[in-house]
Structures are given as structure tokens and as C-alpha cells.
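All residue numbers for the sequence shown refer to the numbering used here, where the first residue is 9 and numbers rise by one.
Just so you know, the hints here were simulated from the structure itself, not pulled from any lab data.
Hints should not be assumed to be uniformly reliable.
Quick list of the computed label-pair ranges, beta carbon to beta carbon [said to hold, decoys possible]:
#1 Asp32 / Arg60: 31 to 41 Å
#2 Lys29 / Val96: 17 to 27 Å
#3 Met93 / Ala72: 30 to 40 Å
#4 Thr59 / Thr92: 36 to 46 Å
#5 Val38 / Gly112: 16 to 26 Å
#6 Gly61 / Gly97: 28 to 38 Å
#7 Arg36 / Ala63: 36 to 46 Å
#8 Ala72 / Lys29: 12 to 22 Å
#9 Ala85 / Phe34: 16 to 26 Å
#10 Val48 / Glu89: 38 to 48 Å
#11 Asp32 / Thr59: 33 to 43 Å
#12 Ala63 / Glu89: 28 to 38 Å
#13 Gly88 / Gly61: 18 to 28 Å
#14 Leu30 / Arg60: 25 to 35 Å
C-beta: ideal position from N, C-alpha, C; glycine also.
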Amino acid sequence: MPWLFLVGAILSEVIATLALKLSDGFSRLVPSIVVVIGYVVAFGMLSQALTRGMAIGVAYGVWAAAGVALVAIAGAAFFGEGMTMVQVGGVALVIAGVLAIELGAEH
């Protein structure tokens with residue numbers, strides 16, 4: 009169950025971050041509202057994952073890594089932001105690091 013909350017937190021944070029770019033410095037109302045709601049939901053769901061027993065190092069590591077990877081991919085796909093092979097390698101290393109944290113965690 010904590011993993012479902014963590015996935016919700018990640019998706020909410022990614023949506024909020026993408027809306028942040030669309031908000032144009034909070035000058036556009038609808039994307040600005042999505043930013044605020046998205047981050048509130050993301051932190052609320054992250055807190056629920058932690059309350060239900062997920063270790064903070066694992067939760068935050070997975071949240072951060074997944075967020076970085078998904079935002080980078082979405083930036084390339086939707087905003088025309090390029091991704092070099094070095095950046096792809098960096099995302100892969102972040103994901104590998106989080107996997108190492110998860111696999112090394114006591115269960």
C-alpha cells in the first residue's frame with residue numbers, strides 16, 4: 009500500500025513540475041493552480057507512504073529519481089528539450105542508485 013501512495017506522489021509531482029513550466033512564472037492562472045494542487049497532493053501522498061511504514065531514504069530516493077527521469081523524458085517529448093546521451097546516462101545512473109538503496113534496505 010505505501011508504494012501506491014508513492015506512485016501517486018511521483019505522478020502528482022511530475023504533473024506539477026510540468027505545469028510550472030507552462031505557468032510562465034505564475035502569470036497563467038490554470039497552470040499555476042495545477043502547480044499548487046499538484047505539489048500539495050504530492051507531499052500529502054508522500055507523507056501517507058511514510059506513515060504506512062516506507063523508509064524515508066527509500067521513499068525520497070525513489071520519488072526524486074523517478075521525478076528526475078520522468079520530467080527529463082517529458083521535457084524532451086513535450087517541450088522539445090533535447091536529451092544527450094550523457095543526460096540519458098545520468099538518468100540511468102540516478103535510477104541505478106535508487107535501486108541500490110532499495111535493494112540494500114532492510115525489509
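Quick rundown of the hints versus the structure:
Evaluation of the 31 to 41 Å hint for aspartate 32 and arginine 60 yields a pass: the beta carbon distance comes to about 37 Å. In this structure the hint that lysine 29 and valine 96 lie 17 to 27 Å apart at CB holds, the actual value being about 20 Å. Look at methionine 93 against alanine 72: about 22 Å separates their beta carbons, and that is not inside 30 to 40 Å. Judged by the Cβ atoms, the range 36 to 46 Å given for threonine 59 and threonine 92 holds: they are separated by roughly 39 Å.
Judged by the Cβ atoms, the range 16 to 26 Å given for valine 38 and glycine 112 is violated: they are separated by roughly 42 Å. With their beta carbons about 34 Å apart, glycine 61 and glycine 97 fall inside the hinted range of 28 to 38 Å. At about 38 Å, the CB distance of arginine 36 to alanine 63 agrees with the hint of 36 to 46 Å. Taking the beta carbon of each, alanine 72 and lysine 29 are about 18 Å apart, inside 12 to 22 Å as hinted.
Between alanine 85 and phenylalanine 34 the beta carbon distance is about 24 Å. The supplied range of 16 to 26 Å therefore holds. For valine 48 and glutamate 89, the hinted distance range of 38 to 48 Å is not satisfied, since their beta carbons lie about 26 Å from each other. Between aspartate 32 and threonine 59, the C-beta spacing of about 36 Å keeps the proposed range 33 to 43 Å intact. Distance hint for alanine 63 and glutamate 89: a CB-CB separation of about 33 Å, consistent with the stated range 28 to 38 Å.
Between glycine 88 and glycine 61 the beta carbon distance is about 41 Å. The supplied range of 18 to 28 Å is therefore violated. Leucine 30 and arginine 60 have their C-beta atoms about 32 Å apart, which keeps the hinted 25 to 35 Å range intact.
Hints 3, 5, 10 and 13 from the list above are not met by this structure, while the remaining hints are.
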